[in-house]
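Chains A and B are the protein sequences, given in the same order.
Residue 1 is where the first sequence starts when you use our numbering, and the numbers rise one by one after that.
Residue 434 is where the second sequence starts when you use our numbering, and the numbers rise one by one after that.
Note that these hints are calculated values from the structure, not bench results.
For glycine and all other residues, C-beta sits at the position ideal for the given N, C-alpha and C.
It is possible that some hints are incorrect.
Stretch-level coverage of chain B by chain A, calculated; a stretch enters the list once three of its residues show a Cβ under 8 Å from a Cβ in chain A [to be verified]:
hint, region
1, 553-561
2, 730-740
Derived DSSO-like pairs (lysine-lysine); straight-line CA-CA distance at most 30 Å [unchecked claim]:
hint, chain 1, residue 1, chain 2, residue 2
3, B, 668, A, 245
4, A, 17, A, 137
5, B, 578, A, 245
6, A, 90, A, 137
7, A, 152, B, 519
8, B, 668, A, 152
9, A, 245, A, 44
10, B, 668, B, 502
11, A, 44, A, 189
12, A, 112, B, 578
13, B, 502, B, 531
14, A, 190, A, 120
15, A, 137, A, 112
16, A, 44, B, 502
17, B, 733, A, 152
18, A, 120, A, 17
19, A, 137, A, 189
20, A, 44, A, 120
21, A, 44, A, 112
22, A, 17, A, 306
23, A, 306, B, 578
24, A, 44, B, 578
25, B, 519, A, 120
26, B, 519, A, 189
27, A, 90, A, 189
28, B, 502, A, 186
29, B, 502, A, 306
30, B, 578, A, 186
31, B, 519, A, 190
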Amino acid sequence: MFPRIVYESFRHQARRKLLAGIAIALGVAVATAMIAVATDIGDKINRELRSYGANLVVTPQEDTLDVEIGGVNLKPPSDGAFLNEADLPKIRGTFWHNNIVGFSPMLPVTVKLGSGSSAKDVTLVGTYFNKPLHFGKQDFTTGVRITHPWWKVSCGDGRLEDSPAACGWPNDDSQNILVGERLATKLAKKPGDTLDVAGRQLTIFGILSTGAAEDDEIVAPLALAQHILGKPGAVRRVYLSALTKPQDAFATQDPNTMTPEVRDRWYCSPYVQSIAFQLQEVIPHSHAEQIRQVAQNEGAVLSRIKGLMLLVTLAALFASALAVSAAMATAIFERRVEVGLMKALGAGSLGVSAIFFAEALLLALVGGIAGFSAGALLARQIGRSIFNSQISIEPVLFPVILAIAIFVTFAGSAAAIRRAVKFDPVFALRGEG
Amino acid sequence: MSITGTLPHTPKQVADRRARAPHTSMFTRMLLRAAVLRRRRAAAALLAMIVAAAVATAMMNLYVDVQAKLRSEFRNYGANVVVVGKDGQSLPDDALAKVESATGPGAKALAVPFSYAVARTNDGQSVVVVGTDFTRARQLNHWWKVSHWPHDPNEVLMGTLAANIVSPNRQPFELTFQGKVVELTPAGMLQTGAGEDSRIYLDQSEFQNWTGVAPSTIEVAVNGTTPEVETSIHKLAQLLPSADVRPVRQIMEGEANVLNKTRATLYAAAALVILTSALCVLATLMGWVFDRRRDFAIMKALGASERLVNGFFAAEAAAMGAVGAILGFFIGIGIAVWIGRVNFHAPVVPRFSVFPYVFAGSVAVALISAILPITMLRRIQPAMILRGE
Numbered sequence: 001m002f003p004r005i006v007y008e009s010f011r012h013q014a015r016r017k018l019l020a021g022i023a024i025a026l027g028v029a030v031a032t033a034m035i036a037v038a039t040d041i042g043d044k045i046n047r048e049l050r051s052y053g054a055n056l057v058v059t060p061q062e063d064t065l066d067v068e069i070g071g072v073n074l075k076p077p078s079d080g081a082f083l084n085e086a087d088l089p090k091i092r093g094t095f096w097h098n099n100i101v102g103f104s105p106m107l108p109v110t111v112k113l114g115s116g117s118s119a120k121d122v123t124l125v126g127t128y129f130n131k132p133l134h135f136g137k138q139d140f141t142t143g144v145r146i147t148h149p150w151w152k153v154s155c156g157d158g159r160l161e162d163s164p165a166a167c168g169w170p171n172d173d174s175q176n177i178l179v180g181e182r183l184a185t186k187l188a189k190k191p192g193d194t195l196d197v198a199g200r201q202l203t204i205f206g207i208l209s210t211g212a213a214e215d216d217e218i219v220a221p222l223a224l225a226q227h228i229l230g231k232p233g234a235v236r237r238v239y240l241s242a243l244t245k246p247q248d249a250f251a252t253q254d255p256n257t258m259t260p261e262v263r264d265r266w267y268c269s270p271y272v273q274s275i276a277f278q279l280q281e282v283i284p285h286s287h288a289e290q291i292r293q294v295a296q297n298e299g300a301v302l303s304r305i306k307g308l309m310l311l312v313t314l315a316a317l318f319a320s321a322l323a324v325s326a327a328m329a330t331a332i333f334e335r336r337v338e339v340g341l342m343k344a345l346g347a348g349s350l351g352v353s354a355i356f357f358a359e360a361l362l363l364a365l366v367g368g369i370a371g372f373s374a375g376a377l378l379a380r381q382i383g384r385s386i387f388n389s390q391i392s393i394e395p396v397l398f399p400v401i402l403a404i405a406i407f408v409t410f411a412g413s414a415a416a417i418r419r420a421v422k423f424d425p426v427f428a429l430r431g432e433g
Numbered sequence: 434m435s436i437t438g439t440l441p442h443t444p445k446q447v448a449d450r451r452a453r454a455p456h457t458s459m460f461t462r463m464l465l466r467a468a469v470l471r472r473r474r475a476a477a478a479l480l481a482m483i484v485a486a487a488v489a490t491a492m493m494n495l496y497v498d499v500q501a502k503l504r505s506e507f508r509n510y511g512a513n514v515v516v517v518g519k520d521g522q523s524l525p526d527d528a529l530a531k532v533e534s535a536t537g538p539g540a541k542a543l544a545v546p547f548s549y550a551v552a553r554t555n556d557g558q559s560v561v562v563v564g565t566d567f568t569r570a571r572q573l574n575h576w577w578k579v580s581h582w583p584h585d586p587n588e589v590l591m592g593t594l595a596a597n598i599v600s601p602n603r604q605p606f607e608l609t610f611q612g613k614v615v616e617l618t619p620a621g622m623l624q625t626g627a628g629e630d631s632r633i634y635l636d637q638s639e640f641q642n643w644t645g646v647a648p649s650t651i652e653v654a655v656n657g658t659t660p661e662v663e664t665s666i667h668k669l670a671q672l673l674p675s676a677d678v679r680p681v682r683q684i685m686e687g688e689a690n691v692l693n694k695t696r697a698t699l700y701a702a703a704a705l706v707i708l709t710s711a712l713c714v715l716a717t718l719m720g721w722v723f724d725r726r727r728d729f730a731i732m733k734a735l736g737a738s739e740r741l742v743n744g745f746f747a748a749e750a751a752a753m754g755a756v757g758a759i760l761g762f763f764i765g766i767g768i769a770v771w772i773g774r775v776n777f778h779a780p781v782v783p784r785f786s787v788f789p790y791v792f793a794g795s796v797a798v799a800l801i802s803a804i805l806p807i808t809m810l811r812r813i814q815p816a817m818i819l820r821g822e
C-alpha cells in the first residue's frame, strides 16, 4: 500500500511534484556551482595574479652590487659573477615544476650606440622572448612573453603593416632587437631601421613599451647579448613566475632547523620560500630570493578574494536552502485534505509522515541529481566565460551535495509535515483553515 | 477558517470595540484582518520576503563596495604612477606639493620622493645612494622587509647586498660623493628581492645637504579606477611640464586583470543568489495567495468586481513586498558590514543608492507571485472553490 500511495501521488500530481522538483534542482544547481567556483577560485586568481610578473629571482651566489640608476648601468660590463645558461632547463626538474609558469634569464650589457665621438652608452638586455627548451622528455617554451605579460611590442607608426613578418617579437635565435619606446623616440628610429650597436648592424624588429626602465633600453635575444659581452652561456639573473601558496608562519621557518618530517612537509608545500630553496638546489652557486613586492602582496589579495567568495557561497547555500524548504512547505500545506482523508480512514501520524518523507526523499534525489548536473554545467560556463579555463568539479562533491539536498528537503518539510499531521481531519475535510 | 481558538469576547464587547475604533475603509480592514487572522502564513511569506531582500541588498552592497576595498588592497603593491624628471634632471622643488595637490585630498594619493647618486666607499666600490622620506616610503612600500627604520641623523637603511659589501660588520662607514665625505651608521637592513637590495637609503634632507642632488623621481600611489588614475596622470603631466609622468604598467595591468575577473565572478555569484532568493519568494507568496482561494471565491460570490479582487490581492502583495524590502534592506546592510569587517577588516560603507532597486525588485516579485495564482483562479467558478474542489 505504502509504495502505491507514493507512486500514485507522483502520477496524479505530476505538475505539483514537478514544481517542487524544479525548486530543489535550482537550489542544488546554485549551491553546486557556487561551491565549485569557491573551491577553484584560489587557483584561478593565483593564475591571474601572475600578470604581476615574476615573484622569484635567482642571482649568482657571489653577487656584486648593481650600480644602476634609471635603467643606466654604471658598472663595468664584465664585472661580477654569472649563472650558467645550461643550468636553466633544470628548473623544470624541481619538485614544484608544474607550479612554475615560466622563467626569463636576463643579461644586461652596457653597449655603445653609434661610433666615434657621437657614441653613447645604452643598456642592452639579453633575454628569452619565447624560447623552446627541453628538459628530459619535456618540451616547453618560456620567456618574457610569459613572465612579463605587460611588455607590449608595437610596430611604431604601423609603416610595416603590409609585411607583418618583419615586425613584432624577434626570434630567439635571430640578430634582431627591440628598442624601448623612449629610446626609439630619442634616436628617431623605427622598426626596420638598423642600429649600430657595439660595432654591429642590428635590425630593429619592434618598439617595446613596458612603463619601466626597459623603455630606455635595448632588449635582444640572450645569445646576441652573450656574444656582445664575449661570455657565452652567461646569465646575470633569472626571473621566475610561480604559483605559490599564501605565506604563513610555517613558510618562514628556517628549513635547516626543522626535523626531517617537518622539513618534508615544508619542502612539499608550494610556498615561495620552499620553491626558492629548491631552485638553489638545482642551479649551482645560485641564490634564489622572493621578489617581495609581488610575492608578499599576492597572498593578501588571494586570501581576501577567497574569503569573499566563501562568504558569498554561504549566502548562496543559505538562499537555496530557504528556496527548497519554502517550496516543500508550500507543497505539503496544499495537501491537508489528503492528510485529513488518510487520518479519517485510520492512518496514524507516523504513517502519514512516512509517506511525505518518502516523497521528499524521492524529490530530493531526483532534484539533487538534476541540480548537480546543471550546477556542474553552470560552473563550467562561469569558468569558461570569466577565466577562459575549466572549473572542474570534484566527484567527491556529488554525495556531499546529495546529502545536503536530502537534509535541506527534510528540514524544510518537517515543520510543514508536523503541522499537516496535527491538523484536525474534520476541518481539513470541510475545507477550512 | 478554524474556530478552534474561540474569541475571548462576547459579541457585545466586540461590537462596542468596533464602534469605538476609528473608521477604516472596508478595503484597508480586509487587508489588515487577512494578515492578522492568518498571521503564521503571513509571517512565513513576509520572512521569505525579508530574507530575499536582505540577501539581495547584501550582494549589491558587496558588489559595489568590494571593488573599492580590493583596489585599496591592490595599493599595497605600491606606486602605480611615477613622475620622473626629463633626461634624468631633478624635479622642481615644488613638485611633491604639486603632485599631492593634483591627486588629493579626496583620492588620498601617497607620493614618495626619491633622489639618486652614485657614491664611492673608501676602497673604491661604487654604490647607489638614495635619498627619500622614510615615513612616506614606509607607508607606500609595505613589502619592504626592514629590520629597523632609521631615526637619528646620519643613520641609513642598507640594502642586504649593499650591506654585505659596504659594511659587512654593520659598522659605521664613510662614503664619498664628488670629494665630500660623510660618515654613516647602518640603522637597519632592507630586503626586497629587487634593485633596492643593492642600494643605501638616506633621509632626503641629509642626502641633499651632502650631495646637493634634489629628487628626480616621485612615486605615487593613486587610488581609484583606471579612468580616474588616467585623469590624475593627465593632470600631473600638465602641472609638471618638465617631468615625464608614466603609469607603472606592471601594476596597473595586473590590478585591472585580477579585479575584472573577481568582479565578473562576484557578479555571477550575486546574480545567482538574487535569482534563487527571488524564486524562494515566488514559491512562498504563490502558496500564500493560492491558499486563500476561499477568500477569493467568497469575495466574488458576494459580488466583488474583478478589478476589486485583483486590486485587493495586488495591494496585499505590494504591501508585503514593501515591508519586506524595508526590513530586509537594513538586515542586508548589516550582513554586508559584517562581511566587510570579517574579510577586509574595514566596514563596508552602506550604499543607500541600492535601496530603490531592492524596493522595486521586491514589490515586482511580490506582484508577480500574486498575479500568477489569481489568473489561474479566475478561470474557476467560485462555487467549485467553495465546495472545496
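(request) Find the hints from earlier in the document that the structure breaks and name them by number, from lowest to highest. (result) Structure breaks hints 2, 3, 4, 11, 12, 15, 17, 18, 19, 20, 21, 22, 27, 28 and 30.
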